[in-house]
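What follows is each chain in one-letter form.
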Amino acid sequence: MTGLPFGEWLSQNQLEVIFRTQQHLLLAIYCVAAAAVVGLLIALLTYRFVSVANVSIAFIAVLFTVPSVALLGFLFSVTRNGLLTLIVGTVIYALLPITRNAVVGLQAADPSVIDAAKGMGVGSFRMLWQIRLPIAWPVILAGLRVSAQLAVGIIAIAAYVANYGLGRLGFDALNNLGSVNTGNQALACIIFVAAVALVLDAVFVLVRRFTTPRGARV
Amino acid sequence: MSEQTLDKPATEGGTSPGSTHGVPISLKKLTKRYPGTDKAAVDAVDMEIPAGEIVVFVGPSGCGKTTTMRMINRMIAPSDGVIEIDGEDVASLNDTTLRRRIGYVIQQIGLIPHLTIASNVAMVPKLLGWDKKRIAARVDEMLTVVGLDPEQYRDRYPRQLSGGQQQRVGVARALAADPPIMLMDEPFGAVDPITRGRLQEEFRNLQQTLKKTIVFVTHDFDEALRLGDRIAVLREGSQIVQYDTPENILAAPADDFVSGFIGEGAALKRLYFEPVSSLQLEPDTGSEADLSVSPSDNLHQALDLMVGKGVSSVAVVEAGQSRGSISVQSILARVGRSDGARS
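Each protein sequence line maps, in turn, to chains A and B.
So for the first sequence, my numbering puts the first residue at 1; every next one is plus one.
So for the second sequence, my numbering puts the first residue at 1; every next one is plus one.
The reader is advised that the hints may include incorrect statements.
Unchecked claim - Computed, partial: chain A to chain B, Cβ under 8 Å:
id	residue
1	Ser112
2	Val113
3	Asp115
4	Ala116
5	Gly121
6	Val122
7	Pro134
The hints are simulated quantities; they were obtained by calculation from the structure and are not laboratory data.
Keep in mind it's a predicted model, so treat the numbers as computed, not measured.
Beta carbons: idealized from backbone N, C-alpha and C, even for Gly.
Input sequences plus hints: build the corresponding full structure.
Written as structure tokens, this is what we have:
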């Protein structure tokens, strides 16, 4: 007893696969965007106070170490809502690289650059907006990029509590171990999750290329 | 990266480097006390800094010279005392307004890495809301003034320049909004000795036309001699040990601390400040025909020439006309004078 060849299985299920791929990509974008807002806010509020920044990063890092299945289970018990669990859980994991990189980036400006600018009469808002942020931007972007990769993976796992995204294909495969199409479902999950991750990565490469000032390129 | 564009004097090229001349600064009982310390870092300093002069603060590290300077543009808030610029108490100005009127150059330069050279120089004019055309013209003018070809450098980034070139940009940036006052904290301290010498000389020439009031901090007494119209020798607590012209400090150091700071060869260093024309010229003997000095050369140059060539006298020639000669003997007689009466 053999299942369908992968190509045939795929063409039979293409509508579902395409739908789930789009869903997965969009969810990843929303979650990273939400994590970016929260993470940058934390970084902007704390970067000036080294110990506060360290404590907040340490706290996020502790959350990061919680096993994802446990966190998702816990969140579901609180929210009683699959989609909310998926989004909150993913945002929590995506938060660490973004916040850490943003703090490091904002602190990275050479003290002499800050001193010279301050001495010329650059005010604190301008200092942040025109000097610290542009200098931090490549580092912040790198954090966003790592977060996007993480989010794609966590969303796949969160399919256990919410029927969204490509993860469901993987769980179906696990639930039907031994059945003829187990391999096809798992393979589709692997390939399309990877495709989503690669597309997001490519977007970040382009964004970096077009938004990094020439003088700040490393 | 070569510095070949930098050989000519910085002021060549018919540019008019700014029109605002310096204004006087006076420090009255200026004090900085840091919490948790008994001794004040700067202890009730009184000082008059005359308009249009370079006043060099020189002293050992930790003496408070940089702290004193940084209180003038309130990068460090004074604990006590008054700073008046052109008779106006600066406490009445807010920090950014004050700083935009004062050029600021630091040893580490601090050019903004993601901005072009032009944007770096345009910093303060932009903050002051100049229009684009005026800024662009001013940027080119300033780059020319510091000896950098605008065509070649305007669109580069700081990291593409050598240390010496970066500090030229640092000076151009500080001058861009034509401030009457410049604060310079060991600006030439981080470049190699050859570049430093050249920057010092060009900077001196530049100041002849700019006539800004410049507070210049250094721990290098020779630099202070080369650049200062006046030198303030400071010791711990920014206490002024001696505040006078380089000539007078060399001729009559106030105490051992100052003598120690002057270092070896004070008598020889004094010769830098004595022009050939200050000596009674002797009749030209014509013996060493092709060696000559001009009346405006200093005695150090003349002595160096004679010692180097192994001769005992040289002709003094002005505009192709012989004015007489000077001898090693006459210079030695000058060195021997210890009354310090000359100013």
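Which hint numbers doesn't this structure obey? No numbers; nothing is violated.
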